[in-house]
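Undergrad: Listed below, chain by chain, are the residues.
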Amino acid sequence: MRRRSAAALLALTVLAGCGGGRAPRDEPSEPAALLPAAQEIPGWSLVEGPTAFAPETLYEHLDGGAERYLAHGFRELAHARYCLGADPPACVGLDVFDMGGELGAFGIYRAGRPPAAEPRSWGAEGYRSGTFAAAWKGAVYVHGEADDERPELTAMLERLVADVGARVPGAAALPAVLEPLPGGGLVPLSERFVPGDLLGHSFLPGGVLADYELDGLRSELFFSDLGGEGDAAAALAWLRAHLEAVGELDSERPPLGDEAFRFRAPGLGAGTALRVGRWVAGIHGELEADAREAVLADLVAALGPD
Amino acid sequence: MGGSIDRRAFLKLGAASAGAAIGCGGAAGPRDAPPGGMRYRPLGATGLRVSEVAFGAHGVDNAGVMAAALEAGVTTFCTSGGYLDGREETALGEAIARIGVPRERLVLMTGADLRGNETVDSWLRDLDASLRRLRTDVLDIYYNAMVQTPAQVRSEVLLEAFDRARAAGKVRHLGVSGHHGGLQECLEAALECGAYEVFFTKYDFVSYPDQDQLLRRAAARGIGTMVFKTTAGNRQREIKDLEAGGLSFRQATIRWALSNPDVASVAVTMTSFDRVSEAVAAVGASLSAAEVAMLRRYAGEMYHRYCRFCATCEGSCPHHVAVAEVMRYQMYFAHYGREKEAMRLYGRLPSTATAAPCRACAGHCDDACPFGRAVREGLVAAHEQLSFARA
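These protein sequences, in sequence, are chains F and C. Positions in the first sequence are counted from 1; adding 816 to them yields the numbering used here. Positions in the second sequence are counted from 1; adding 238 to them yields the numbering used here.
Read the hints as simulated data drawn from the structure, not as lab findings. As the structure is a prediction and not an experimental result, all values here were calculated from the model. Even for Gly, the Cβ is constructed at its ideal location relative to N, Cα and C. It is possible that part of the hints are untrue.
[Unchecked claim] If you only want the chain C side, here are some residues facing chain F, beta carbon under 10 Å, derived: (1) GLY297; (2) VAL298; (3) ALA301; (4) GLY302; (5) THR328; (6) GLY354; (7) THR507; (8) THR509; (9) SER510; (10) ARG513.
Chain F on its own, in the form it takes in the complex (with noise of 0.2 Å):
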């Protein structure tokens, strides 16, 4: 799909409404649907698109960032720019993404997140952090970003996606994927999805991150579905040349398995991987031994041998 024209999608925006938390559940959350109209708010106006990016167009828009995108299974985005007065005007611009699905939502959501941003309640999550907000819910991602953060301009960026993430239909849930990770220890909000190449290895999928953090040492546990146990296998065979390549094996087997290994390398630290049926899953980072590995056997049970 190319761009669409911008006039077609003013028309969509302006028979969808702004509604904020008014629209009903079972609205379509297609990305141009979901902007809000600025006509509803007082003193400003759109002064950019709506325009909307397809997969084979979205670099225009983003630049180098569009691969990361389409990576986490982009479909279209709808973009828009709000100001207030004229001259010279004081703008946010807002980008409403169809991710295809709620992990690629909460993928590039999570990826993009600074660590100090403010929590919001919006949609399944949000934050604002400076002159940045995002949300996420459902297969839609939102990003808006002030000029600076005058109140006026970050009070209407707060509400335009806090709109949007009223708007989307559905749960305000995490995704299932996240539901084998251990509870103690967990860092809040670290639970990352990446889409593929996990931990920067084509031989892995993606997968699955989240920080654990024990008596002031933190390490990152992360898990990849290959399928099926002889991929699996594979996979970690890989794993393991790969760190015995850059790093280095430690002769004591962790107890976690006959395939399971320990490993210390630049850049991950101490860590421990394992198969565990059709799943590939390790830990690395400063836990010790005992520690790391405990939180390993809480995700092996949890993912079980299938």
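Please build the complex by placing chain C on the supplied structure of chain F, with the hints as guidance.
TA: Structure of chain C alone, referenced to chain F:
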């Protein structure tokens, strides 16, 4: 439109860029060396030596991949404080700390775009925040990012703030970065300004035909150049079987950029171990004939998508459409991220000069175009994109 173009037409694609650079760069040059090992070049007169491939940290927070890049000899790391409120700088700073690489081994650069409401004090606070996130006391290069106008390049606030920061030992060199339609003007302004020591710029074999000459003049003044976006739009997926049997398209574009002795380094986003290997392997010997042919093919496929704004076809138009102006505005809209400006400019055209009548026209302009472009089709699409402002 087909992808084949004759030799004469190809050379017109961009005499200083695509034609000359691909043609000359393909020949064996003085830099021939076995591929695969990292090499280093001086960055203008800064005294810095940068790796020919630099680590673009955009969207990367994997310390293992960064460690692999370091192991492969990559010493130059580029990030930005303007992206996601410093999220990238934080990730890069954490990774460098985790790897434990000595700071003096690295060339570290970051930057941010000016919003127009900065003060010297606010800029200095932002710089301190970048230093904290990157866990360092000093930056090697700070770049004025995403410049679109010469006024942004000459910002008195930025220049004064930078001088203060340098006097305080927080930053060593000032750079300028951009990839918008006004890039050439901005780089010219940076040349005249005298404060900039580094260009960090988009550079490819299709766009900006005057850029080689500009970089030559910059080098003569001691300005070092690092580049990015060498893939000319990254649209290789739209071209079937674009391969040369050796380097990938992406690798060939890196090697093409490095064939210019005025380019010190190519910044590449390295999201995986494979990307590190791919980028590092692009360093070394000159382009092969097959790789040159691959870039020529890409340029050829793009050839018919670009209007040169020569206005030759306008004489044949029964409706007096201002073809060159319309297509220039469409280029601003579609390829330079200047949608608002493009629509505003289009809105100012006299109604008789717009492309409104083109949809129902027979397309005499198609026959008149000396480059064989489907002009009418382009005008119809341009009118659809640009006419919102007139509605």
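Undergrad: Check each numbered hint from earlier against the structure, then list the numbers of those it violates in ascending order.
TA: Failing hints: none at all.
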